[in-house]
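Trainee: Residue numbers (this note's numbering), protein chains in the order written: chain H, 6 to 202; chain V, 21 to 673.
There are no misleading hints in this set.
List time: in silico DSSO-like cross-link candidates among lysine-lysine, alpha-carbon distance up to 30 Å:
| no. | chain 1 | residue 1 | chain 2 | residue 2 |
| --- | --- | --- | --- | --- |
| 1 | V | Lys-61 | V | Lys-440 |
| 2 | V | Lys-545 | H | Lys-69 |
| 3 | V | Lys-474 | V | Lys-425 |
| 4 | V | Lys-328 | V | Lys-293 |
| 5 | V | Lys-440 | V | Lys-380 |
| 6 | H | Lys-143 | H | Lys-45 |
| 7 | H | Lys-143 | H | Lys-69 |
| 8 | V | Lys-337 | V | Lys-283 |
| 9 | V | Lys-142 | V | Lys-96 |
| 10 | V | Lys-380 | V | Lys-283 |
| 11 | V | Lys-507 | V | Lys-440 |
| 12 | V | Lys-537 | H | Lys-69 |
| 13 | V | Lys-305 | V | Lys-323 |
| 14 | H | Lys-163 | V | Lys-537 |
| 15 | V | Lys-537 | V | Lys-142 |
| 16 | H | Lys-45 | V | Lys-537 |
| 17 | V | Lys-545 | H | Lys-45 |
| 18 | H | Lys-45 | V | Lys-164 |
Keep in mind that the hints were calculated from the coordinates and are not lab data.
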Amino acid sequence: MILGSLLLLGLFEFPLWNIMLGAPQYPEPLGMNIYINGIKGVSEFDIQNIDGLNHYIGMQTIPKPREMWEFRVFPLVIGTMAALGVVIGLLGFFGKVNHWWFLGWFGLMAVLGILGMYDFNLWLNDYGTNLDPNAIMKMTRPNGRPMTYKPPLFGHQKMLNFDVDSWPHTGGYLMFAGMTLTLVAFFIGKKSKNIAS
Amino acid sequence: MKLTIKSLPIFALMAVMFSGCNNSKSPNGNRGALASTAAEKVYVPPGEHDEFYAFFSGGYSGNLTVYGLPSGRMFKEIPVFSQFPTNGYGYSEETKPMLNTSHGFIPWDDLHHPDISQTDGKLDGRWIFVNGNNTPRIARIDLKTFETDEIIEVPNSAGNHSSSFVTENTEYVVAGTRFSVPVPQKDISIKEYRGNFKGALSFIEVAPETGRMNLKFQIMMPGFDYDLSHPGRGKSHGWFFFTTYNTEEANTLLEVNASQNDKDFIAAVNWKKIEEYINNGGGTKMPAEYAHNVYDHSTHSAKSTIKKEVLMVDPTKVPGAVFLLPTPKSPHGCDVDPTGKYIIGNGKLSADLTIHSFGKMIAAIEAEKFDGDAYGIPILKFEDVLAGQVKSGGLGPLHTEFDGKGNAYTTFFISSELVKWNVETREVIDRQPNYYSVGHVMIPGGNSAAPFGKYAVAMNKITKDRYLPTGPELEHSAQLFDISGEKMELLLDFPTHGEPHYAAGIPAEILAPESQKIYRLEDNKHEFAALGGDETRVERHGNEVHVYMSMIRSHFTPDNIEGIRVGDKVYFHITNHEQDFDVPHGFAMIGANNAELLIMPGQTRTLVWEPGQVGVWPFYCTDFCSALHQEMQGYVRVSPANSDIKLSWSLGE
Numbered sequence: 006m007i008l009g010s011l012l013l014l015g016l017f018e019f020p021l022w023n024i025m026l027g028a029p030q031y032p033e034p035l036g037m038n039i040y041i042n043g044i045k046g047v048s049e050f051d052i053q054n055i056d057g058l059n060h061y062i063g064m065q066t067i068p069k070p071r072e073m074w075e076f077r078v079f080p081l082v083i084g085t086m087a088a089l090g091v092v093i094g095l096l097g098f099f100g101k102v103n104h105w106w107f108l109g110w111f112g113l114m115a116v117l118g119i120l121g122m123y124d125f126n127l128w129l130n131d132y133g134t135n136l137d138p139n140a141i142m143k144m145t146r147p148n149g150r151p152m153t154y155k156p157p158l159f160g161h162q163k164m165l166n167f168d169v170d171s172w173p174h175t176g177g178y179l180m181f182a183g184m185t186l187t188l189v190a191f192f193i194g195k196k197s198k199n200i201a202s
Numbered sequence: 021m022k023l024t025i026k027s028l029p030i031f032a033l034m035a036v037m038f039s040g041c042n043n044s045k046s047p048n049g050n051r052g053a054l055a056s057t058a059a060e061k062v063y064v065p066p067g068e069h070d071e072f073y074a075f076f077s078g079g080y081s082g083n084l085t086v087y088g089l090p091s092g093r094m095f096k097e098i099p100v101f102s103q104f105p106t107n108g109y110g111y112s113e114e115t116k117p118m119l120n121t122s123h124g125f126i127p128w129d130d131l132h133h134p135d136i137s138q139t140d141g142k143l144d145g146r147w148i149f150v151n152g153n154n155t156p157r158i159a160r161i162d163l164k165t166f167e168t169d170e171i172i173e174v175p176n177s178a179g180n181h182s183s184s185f186v187t188e189n190t191e192y193v194v195a196g197t198r199f200s201v202p203v204p205q206k207d208i209s210i211k212e213y214r215g216n217f218k219g220a221l222s223f224i225e226v227a228p229e230t231g232r233m234n235l236k237f238q239i240m241m242p243g244f245d246y247d248l249s250h251p252g253r254g255k256s257h258g259w260f261f262f263t264t265y266n267t268e269e270a271n272t273l274l275e276v277n278a279s280q281n282d283k284d285f286i287a288a289v290n291w292k293k294i295e296e297y298i299n300n301g302g303g304t305k306m307p308a309e310y311a312h313n314v315y316d317h318s319t320h321s322a323k324s325t326i327k328k329e330v331l332m333v334d335p336t337k338v339p340g341a342v343f344l345l346p347t348p349k350s351p352h353g354c355d356v357d358p359t360g361k362y363i364i365g366n367g368k369l370s371a372d373l374t375i376h377s378f379g380k381m382i383a384a385i386e387a388e389k390f391d392g393d394a395y396g397i398p399i400l401k402f403e404d405v406l407a408g409q410v411k412s413g414g415l416g417p418l419h420t421e422f423d424g425k426g427n428a429y430t431t432f433f434i435s436s437e438l439v440k441w442n443v444e445t446r447e448v449i450d451r452q453p454n455y456y457s458v459g460h461v462m463i464p465g466g467n468s469a470a471p472f473g474k475y476a477v478a479m480n481k482i483t484k485d486r487y488l489p490t491g492p493e494l495e496h497s498a499q500l501f502d503i504s505g506e507k508m509e510l511l512l513d514f515p516t517h518g519e520p521h522y523a524a525g526i527p528a529e530i531l532a533p534e535s536q537k538i539y540r541l542e543d544n545k546h547e548f549a550a551l552g553g554d555e556t557r558v559e560r561h562g563n564e565v566h567v568y569m570s571m572i573r574s575h576f577t578p579d580n581i582e583g584i585r586v587g588d589k590v591y592f593h594i595t596n597h598e599q600d601f602d603v604p605h606g607f608a609m610i611g612a613n614n615a616e617l618l619i620m621p622g623q624t625r626t627l628v629w630e631p632g633q634v635g636v637w638p639f640y641c642t643d644f645c646s647a648l649h650q651e652m653q654g655y656v657r658v659s660p661a662n663s664d665i666k667l668s669w670s671l672g673e
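Please model the entire structure based on the sequences and the hints provided.
Mentor: Take a look at the structure:
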């Protein structure tokens, strides 16, 4: 339980999510790493270059940390959850709380995670569809409706000349591993309880 | 005979194996080791990379070209000594100082011999040095940016041919004098050549970290023609060897008069001894005038400084510093084998190659077995220094390179062939014809202690019918040989630009990972850079107008300028704000009497335009930079000289 919640701290070091954009002209794809406290280019100038390309289709620039409340709140939430997990784990170790607290932490984390994903998706949606009406290129779908450029939340999508891949990154995987460990802790706790009784 | 059931499958298997062998052999007949075709060996599939970089001198183009081997594909022309309208080198305000000399602005030279920097006798791939033969200069090109970083003029010299070769640890890059001249220059009769004309050998030290060049000393040699040179290495490190011709000191009709002596000399210079001598206060400071031009990648600008003094060394004042090795028949190439044991004189008017032994030379010097002197410089006896001769059967040997496996490859201009021979036994192993009249040969690292003996490139002087005809003027032709086997195999002909005299090759894996992609905008310290959009502006100072302009896909800021008058001198200082690989922008101004600018990401370049006609004149981007490249354009309004229209500039208004 303690280990699992400590793995959340990996999010302060490693990106939660990663989006890569490859195209014929970009054999070395452009990419952005999404951290809980901001977005950085995979290579030094990737963000600037993605913004440069996006201006043709009227997309907003990729937000700086101070432009989104999420980048202030997420680190607090993650830090708090990690601390809470450690406290629950310690109390559990000394027998002060039972394994249901572990599941409770997991449940809370899962809810927060889903909310985070929902929020992330809202941002992607806004980023990909809220386009400058004076954009240089206004592309339309075969059905005549304006084309939008929302990157996939999860997986691969072809957008104009770009292949966009969106997957969790190291920090995200550490978080999933940590959450799984707390679930394991719950079952171990449950089993030992059963044996004890 | 009793066949067991068990042994049957074994026979069956063997039968399959043998038939398999036969099958694989049959399409190629009995060509054995040469089973693969030449086409396969030079084919680099689309998107894949060559194994070697090859830098070919451009000769009278004044520039250096970059090729890939084995494909023979040309990647780039690097402007060095010649103005290059393709990217504005020598036309832009930033690069014009690179071509400054004591004779003023010289927009051209004759670039001869590239040599890559070395550490411990091995190619280190940091810089490549090249020489300008006409107005004597040495240039250093950075191999991260593939741009000319520095040019130093060589005073008291003419025909800087015996360069630009580097010592084992790039302590020095060396220059020589092919056309001896009065030193210092003076108004005397040409007929007074003998004894009055001198040939300076120049040792230019190279700063180990920055590569910055400094003319450390010159050796005032007799008035011979110093043709080519190479450093000692290994045991002979600390020595430098120069071939000479015209030891007759003829001043006219050299083709006859300089070909009379049966033997000319290889001058052996112990530069370590001279270095010691000058470090102890030796040598004489002599007034001179020469330009030193340095390009700075943070200011993106070159500065030219005229230097006023040079340290001159009289070789007769430094005992043990210089000796002359008699060498038959006007030797041209002067090549030292990878071990440093042998010095090869390629006697261009003979059939044979002369191989001098460094060990025998040292023994003869120690025993003081001299055969007179030339202007006080001791001459050694031919027999005392000779290791042997290669009875080649060819005619007109010019240059020799090495494969690092004990073999040498010598070009023969007159008999038009490449000859492979064993350095120790001096026996000829193979010979292949060249089409036609080969000059230099290049093996990557083939003049270093550690050659990469896979390919040899012969650079031919005469092309004739090798390609589709293109009128009287033809490009030269190179030929690529596979030298990995016992016999050389011709793989490919490819045309080369200008007149490649020599080339230098290096494995791609040494250079490619270091190659720079962009210049960082935040490191741009150009005086006139507009780094942010708010720094773009137009300023007038009398009739000088400075436009601080930026460019990014796909517009100039500003793109409308008014208030320019006929008679103004307009400086367009343009900064490329891109930070993406391979997104240069160009700038061309109608009626500008110079060239375009090609500006790399993060770089600033300046073009001067002196409008002579009233009107509204467009400028545009010349490099197809994006889908909206055609829209990347702007206008300048030019009013009469006495107009009072206010200076104004805008974008998107």
